[in-house]
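Novice: One-letter residues, chain by chain:
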Amino acid sequence: MTASAATEAVPAVVAADRRRARRGAGWRRRLTVLAFLSPWLVGFSVFFGYPLVMSAWLSLFSYDLLTPARWVGLANYRYMFGDDPQIWPAITNTLWLVVFAVPSTVLFAFGIAMLLTRARRGAGVFRTIFYLPALVPPVAATLGFVYLLNPSTGPVNVILGWVGIEGPLWFNDPGWSKPSLVMLGLWGVGTTMIIFLAAILDVPRHLYESAELDGANAWQRLCWVTLPTISPVILFAVVLGVIASLQYFTQAHVAASVAAGSASQAGSTANFEIGYPQGSTLLYPILVYNHGFRDFNMGYASALAMLLLVVAFAVTAILIWSSRRVVHYQGLSR
Amino acid sequence: MTTVAHADAAARPRGLPRAVRRRRLLVAIADHSLLIAAAIAFVAPVVFVVLTSLVTNRQALSADIWPQPFRFENYLDVFRDAPLWRWAMNSFIYASLATIGLLLSSIPVAYAFSCLRWRGRDAVFLVVLVALMLPPQVTVVPLYIMWAKLGLVGGLWPLIVPNWFGDAFAIFLLRQFFLTIPGEYLDAARVDGCGELRVLTRVVLRMGKPAIAAVALFSVLYTWNDYFLPLLYLSENPSNWVTSIGLSQFRSLHQVQWNLTMAATVLVMLPVIVVFFLAQKAFVEGVTLTGVKG
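Line by line, the protein sequences are chains G and L. Count along the first sequence starting at 1, add 5, and that's the number in the numbering used here. Count along the second sequence starting at 1, add 360, and that's the number in the numbering used here.
Just so you know, these hints were derived from the structure itself, not from any lab. Beta carbons are placed, not taken as given, at the ideal position from N, Cα and C, and that holds for glycine. Errors might be hidden in some of the hints.
Claimed, not checked - Anything over 12 Å on all C-beta distances counts as not near chain G; from chain L, calculated: (1) Arg378; (2) Arg431; (3) Arg440; (4) Met449; (5) Ile453; (6) Leu457; (7) Pro468; (8) Arg479; (9) Phe525; (10) Arg562; (11) Val563; (12) Lys569; (13) Pro570; (14) Ala576; (15) Asn597; (16) Asn619.
Stated by the list, open to error - Short, incomplete list of chain L residues facing chain G, as computed with Cβ under 8 Å: (17) Ser422; (18) Pro427; (19) Pro429; (20) Leu476; (21) Gly526; (22) Phe529; (23) Val644; (24) Val647.
Said to hold, decoys possible - If the Cβ cut is set under 10 Å, some of the chain L residues that face chain G in the computed set are: (25) Ala379; (26) Val403; (27) Val490; (28) Val498; (29) Ile605.
Whenever a hint applies, use it, and build me the whole structure from the sequences.
Specialist: Below is the structure:
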């Protein structure tokens, strides 16, 4: 639609000229497109297509990198769905992130963005304060939070102690380790917050004005003007959040190893308990990593990867389907 | 005094009952107090981390938060205890080679997805998006085997080379921006006899500078922060460790207290913060580009 509008805008002579030239040089155009696409075509085949197919193939083998691969058929999948004691904890922990961490992060980001739109003075300073933590390297941020929340000398429990509350063990308590990770995530909410802020500021003023004329109060304006207008962005944030939780690795891995290291005075993190404490931070990607690269069960890790592929693919399909229906590209398609 | 009062009265809608005005004022204060409280909560972790990085070894074992005395030598001790420069150097090599390759390979691809017209373009672009969404853990096992067979595990190449063949996120972001360049500019250049490569270098590269800067920044940031790939490929070879992996092992490996660990943490955060303040606009623009126009 936009394409035809664009050609109409060009004088008819030029358009006819272009049409003739295009017909003549069709194969050249195709070659040009291929040439421009070539880096991605190579990269996509070698670093994505090939490993994807190989993963499916490998999942039917038992392979440890050192001895030749041995065909085991569906045994990996049978173990996965039948006997693996770690897979259900890993799936439920990852689901926990999807159900609790994603909504709280999105809500928090929206809340901060709403607060920022009302800031009269120093909006720039506030925006910087809320955005910066998102840039802090995850390993550094995680180390910082493991320290802040450490039960013995951590400032959070010290301050809680001043007001007479005995703080939890945070990263060392199986019930609190995931909420601690959520707190870390809320601190790094800046990227989502900026996206919301831009969307809220983009809401046309006249919508608010007419709502106000109709006697809508602030709460009603939020519910009937702001939220519907930015709903595509909220959806975008939710689905990106789900995808991020499916691959959530760094923070959980670092937090578990550092917290386990400080709990055992020996301090060695080389062989710390997986998903410390008590498997509470054993997430699906960590399970894949452990099977593949600590135990070198390449075949079984591939089988686990296949399940992750199916789930991630489903989520992505939902994203693309819904964005096509809901998100309007403001004159962006050409 | 009177002028101030006058301006104040003019700025406000006149004729409102006093109660309404007072309520609005209270609401405004409430709004800002929430904002200020949230800001304090966001700054506090950094303040505590910095304070802890300045306490003595003995105080690090206690629950005292305020350093008595301040011990700035901690920052020198970090360099003595751990090969921080080598980690930073490796991170720098990773970041620069990956980013240069990523830009050189992704820009033409993004151009093909935005400024060239061909059948099936949008369908193929969906494939790019799918590749962007899938977790890296899905493809990591065969890739690791591939690099192991090439004898390159333990070096930086498995981290760097994939970036030379187009990065899905960079392609996505650049395409979004290139689409906003009015088609008239491109057609004008073509009418003047420019080939597509010249249209790309003469028009799109110049007009797309903000997006290219944002992509470069994100790539540098991503590589500096990356933990999963270094953990996978570099764990066994400490001489090639990058900052993220070194920092994660710092406390256990060097048997140090929280004060030195926090000093190392601050040192790893610092370059990112500095880069942010140098290139604030590009960052915010880039983030907005991914979200709103996607």
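Novice: Hint by hint, which ones does the structure fall short of?
Specialist: 7, 8, 9, 16, 18, 19, 22 and 25
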